[in-house]
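Take a look at the letters that make up each chain.
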Amino acid sequence: AQTIHQWPVAEIKAVGSPLSLGCTIKGKSSPNLYWYWQATGGTLQQLFYSITVGQVESVVQLNLSASRPKDDQFILSTEKLLLSHSGFYLCAWSLGGLFAEQFFGPGTRLTVL
Amino acid sequence: GDSVTQTEGLVTLTEGLPVMLNCTYQSTYSPFLFWYVQHLNEAPKLLLKSFTDNKRPEHQGFHATLHKSSSSFHLQKSSAQLSDSALYYCALSDQNNYAQGLTFGLGTRVSVFP
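Those protein sequence lines, which keep their order, are chains A and B.
Per the numbering used here, the very first residue in the first sequence carries number 1; after that it's consecutive.
Per the numbering used here, the very first residue in the second sequence carries number 1; after that it's consecutive.
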């Protein structure tokens, strides 16, 4: 069975500090991968997606970047955090194609102070 | 481009009453529609998805019917439970965006009171 893991579970960081969030999917080969951000009490905002290793497309950047160094790994990062980066970060995967629903990871709660 | 509209931001109701959440969409092609549910501090989970054979999808007492004539996929339940309090997202997939993935609506927050 496929599993999706995100790390860390939660993070408290200072404004201006760097950030790296990770996501791994096990049990699926070559999934489509997605990063979403959700402000507290807010709606889902897609940030990036990737359909293959090494290729990432930006939807909304929010001064963040993403990379896919391995087939099963998706990384979200920034060199300088802003207060507005606080929120809930969700990684998701799908098989792609027309019928493909997305499956979300447990998320990372980020607080920027 | 594709879009999903959920007209209610917040729905509050008493336990045992019926609930309907509106979802309409715009799509160039024939899309597939999904409902996701997100409980507090949890990730969104798939609740329902539309079928190609006109079956009405049902899960946990919720059901939805895809009406292509009105471009709608409203979510309904005959009797709301306290545990239904959550954020509900409608989403679509079509040939425009199957690489980028689903197009989500803004979500409807449901609060069920005893």
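One or more hints might be untrue.
[Unchecked claim] In silico DSS-like cross-links for lysine-lysine, where the CA-CA straight-line distance does not exceed 25 angstroms:
(1) A:Lys28 with B:Lys49
(2) B:Lys45 with B:Lys77
(3) B:Lys45 with A:Lys28
(4) A:Lys80 with A:Lys26
(5) B:Lys49 with B:Lys77
(6) A:Lys26 with B:Lys77
(7) A:Lys28 with B:Lys68
(8) A:Lys80 with A:Lys28
(9) A:Lys26 with A:Lys70
Derived from the structure by calculation, the hints contain no laboratory data.
Query raised in the report: Is it true that the CA of Lys28 (chain A) sits at most 25 angstroms from the CA of Lys68 (chain B)?
Result: Outside the cut-off at roughly 33 angstroms; violated.
Query raised in the report: Given the hint that Lys26 (chain A) pairs with Lys70 (chain A), does the C-alpha gap stay at or below 25 angstroms?
Result: With Cα atoms ~12 angstroms apart, Lys26 (chain A) and Lys70 (chain A) stay inside 25 angstroms; holds.
Query raised in the report: Keeping to a limit of 25 angstroms between CA atoms, is the pair of Lys80 (chain A) and Lys26 (chain A) held or broken?
Result: Outside the cut-off at roughly 30 angstroms; violated.
Report task. Measure nothing beyond the straight line between the CA atoms of Lys45 (chain B) and Lys28 (chain A); if it is 25 angstroms or shorter, mark the hint as holding. Result -> holds, 18 angstroms
Query raised in the report: Is it true that the CA of Lys45 (chain B) sits at most 25 angstroms from the CA of Lys77 (chain B)?
Result: holds, 17 angstroms
Query - Pair hint Lys80 (chain A) and Lys28 (chain A), alpha-carbon separation not exceeding 25 angstroms - result: violated, 33 angstroms
Query raised in the report: Between Lys49 (chain B) and Lys77 (chain B), is the straight-line Cα distance small enough, at 25 angstroms or below?
Result: holds, 15 angstroms
Query raised in the report: Does Lys49 (chain B) lie within 25 angstroms of Lys28 (chain A) when you go C-alpha to C-alpha?
Result: holds, 21 angstroms
Requested in this report: For the pair we were handed, Lys26 (chain A) and Lys77 (chain B), check the Cα-Cα distance against 25 angstroms.
Outcome: Given that 25 angstroms is the threshold and the Cα spacing comes to 35 angstroms, the pair is violated.
Hint violations for this structure: numbers 4, 6, 7 and 8, all remaining hints satisfied.
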